[in-house]
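Asker: Listed below, chain by chain, are the residues.
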Amino acid sequence: MRLETIVLAIGMVSLVAGAAQQNRQSEPKFPLSLFAKATEDDYIGSESCAPCHGEQVKNFKYSGHASYSNNPKLAHGYQGCESCHGPGKFHLDEDNPENIAYSKITPKEINAACMRCHGETMSAGEWHSTAHAQGNVSCTSCHQIHPKPFGEAEKPDISGASNPTVVAKPAPKKLLKSEESKLCADCHKSEAAQFRLNSHHPVPEGRLECSDCHAVHPTNKSRKDMKSVKGACVSCHAEKAGPFVYEHDMGTIGDGCAECHRAHGSHNPELLKSFSRGLCAQCHTEKATTHYPGRTCWTAGCHVAMHGSNTDPNFLKR
Amino acid sequence: MQNRHQETVGWKRGILALALAVGVAGAALAQDEPEQEEPPAPKFVPRLKYSWTQWGLRGSDHMFRRYGTPARGFVLTDLGYVYATDDARYQSDLTVRGGVDQDLWVGGGASMRYGTTRFEGAYRTNEYYDNVPFEIPISKRQEFDGRIVQSLGQGVGLQVRFAQEQKDAYFAGPREAEHIRTRTTDTSLKGKLLGGTVGIGYTDYRYWDRTNAEPDSEVQRWTAQYGRELLRGLDLQANYSHSRIKQPGREDSEIESVGMNGSYRIGERTDLTFGVHRDKIDLPTVRTAHAQERMQFNSRLNHRGKDWSAQVSYRHKEVERIRKDQSFVDVPIWDSVEAKFQTKVGPGMRASVRGGFTHLRGWPVMNTTDPNPLFWTDTRFAQVKFDRTGDTYAFYAILDHRFRKNDARLVDLSTTSGTLGATWDVGPGVSLFGEVVRETAKVSGTGGDAANLDPYFPSSISGAFGVSYAFNPGFHATATFTHVGTNNDNPMFEPGGNYRGRYLTLGLTHRAENGAEFAVTYAPWQYEDKVLSSLGYNASVFSVMGKVRF
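Chains as they are written, first to last, in the numbering used here: chain A, 1 to 318; chain B, 1001 to 1550.
One chain only, chain A, in its complex shape (with noise of 0.2 Å):
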């Protein structure tokens, strides 16, 4: 019932907020204000951005977007240089030039200019919803649209003093403007710090990137729609999915998995959050000192199916 109202309510209030928005509806915002204005004359090609622009053209044709916009078939607007950097003809305009120069716009002109394509699988409503989009990231944060030719961008690495136990990097993804964990690790700092620790998931390593558990843009729903019978761990943790007969409930109501692990790294065995039966006292309280088995809860050998049994519940066998 209360799920109704606060639908109810939600409805309410957006067609209310709708309707009063309906009513100073104005002109798109730059930088879609471009595209709207535009003719088809004003779009002048490709060709006639390389006599100035010579590099950035050569290096369009690396990107995994030239494919997409060489198609003749598009409207002028999403073909080529003009379809992310608005029409070539304004631009040329002395007196009052015009175009979509990333590097000086905020993110969220940047982003706008993105959706205008990517919209179709990530509406813009997803995307203002994302952490990454209210914490003012912009796409080009992470994604570079003019990448060097495949094989030669690789530069001497001397980053090693802040990696030192990097055993095998995976090859950086295309759009991407360099190897996935050191770009998420620029602005997390104390996420990838915990990567130091001794028990860690083998991120440094290179066996793990961080887009295998976290859903960067909301358009990666679609691949952990599975991950979310029992959230992203299971995916790999497959034998700790249940149903079980005799449940453990974090699953259901806490935190989950995080009740008791610490994903990204900690300084106790097995990921766990405290040490030894510290972990289990902290809710059992009163197992604290009467319920003493010499070792923890599990490797005493007795609680040994601690994520859930289908036999005993009280987890002493699976």
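One thing to keep in mind: the hints can contain errors.
Covered stretches of chain B, as calculated for chain A (at least 3 residues, CB under 8 Å) [to be verified]:
no. : stretch
1   : 1202 to 1214
2   : 1234 to 1246
3   : 1281 to 1293
4   : 1413 to 1423
5   : 1487 to 1493
Just so you know, the hints here were simulated from the structure itself, not pulled from any lab data.
Quick caveat, the model's predicted, so the values are computed rather than measured.
Don't be surprised by glycine CBs; every beta carbon is placed ideally from N, CA and C.
Following the hints, complete the assembly by docking chain B onto the known chain A.
Answerer: For chain B alone, kept in the frame of chain A given last:
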């Protein structure tokens, strides 16, 4: 035997589905192959990386091999190739890593875009040892993942995916070996409809346990979502999913989810995001306490100023929970408020403050020895971040404090962590890096057993410092030192509770213009377990590595 039969049938179905999708894709292609310029010729780039490493190990082999340890002896660190076009229209790769008595990893994949169709396939297999001080069988994992993505025109796309995993993992007792097979078949269609985006999908997921300790599971999941900009500035998306979980000899379980998310741009700088979500969970096989319905509402107000932004969010969560004896339903309710403020405080300087709390109402009654609730009744957190970036340096500091409290059981748990880090390009080719992280935990209570918990919550400190010097663009040296240690009362004297690791790594690397690389590494590493000295080790790792790319 029946499981194996099902698996075989599943493989056939998967291949059939892929073949069918290929046929559909091919038919579509024949009609709609865009006229494009001649595709660039693919490049074949093989690579070889070979190394020889001596451990110089005295002490525990088990602990030394625990995390990312360099392989010993002559090892094929990386043999493989990439065959690709510059525009990623076609790409394939193969990688082999391993040694004679070391972990083995082989993986390869191919993707091809032909007109409006993209084919992707990848296969990985690896053999690895679990870190135990005695001999157990080698664990093995194999994964296959293949998909076809087809654009059907008019903004509509179809994806068919088939994935299979086979894992045979062995551990030290009392944990039993795992022999797991999983298979996922996934079909989804997404496109434009009535000015919005619509998507439907079906997933079939199978899980087999060859040890027969756990029942085989089959999950069938339907999903549907639709989203559109309803009015200017107001985006709404609705989604629905239904999962049916089948296990032999048991009643089927079902999970039904319905939700709606949206965002509303109140103004140029302000927007509101919100969502409401409900799950109905029918788990007839479960005999212990579990949730049968979850409802969550969340909203977040964002405002961006010129050099600052602020967010305030509220989350409400209700769970209808069946008690352990199946006699009654509890409805615990969590309310959470969180706020964040971030601003530029000067040229290249940013600061953010974040904090929040969660309060639990309607404590559930427990059918355990102690009927007090097991859940935290109040949690609070605060986080302060500061970073400054200049032309030649970057500095960051993070302070994070979290507090959890169980009122009924009189337990307070607080953890605090502080991170300080910096990088500095001292001069041409010389850069320094340093980072220190200190974590402390404290548990207190005014009665019961809570006072005895604190010794089980260790504190830790870790630090990493490094310097690199590039003599020229192709020749550089690095030195790094990492320290990790715990401060733990460890009243049961358990191994792994009190340790100190010190890892010094010195490296010299030469990289030629053609990508060939030669490196020498010397790494005196030390790990000390203060409870069980036999778990400690001293290693003098010496490694020579050569890498060529043709």
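Asker: For each hint, tell me whether it holds in the structure or not.
Answerer: Hints versus structure:
no.: 1; hint: 1202 to 1214; result: holds (count 6)
no.: 2; hint: 1234 to 1246; result: holds (count 7)
no.: 3; hint: 1281 to 1293; result: holds (count 9)
no.: 4; hint: 1413 to 1423; result: holds (count 5)
no.: 5; hint: 1487 to 1493; result: holds (count 3)
Hint check: no violations occur; every hint is consistent with the structure.
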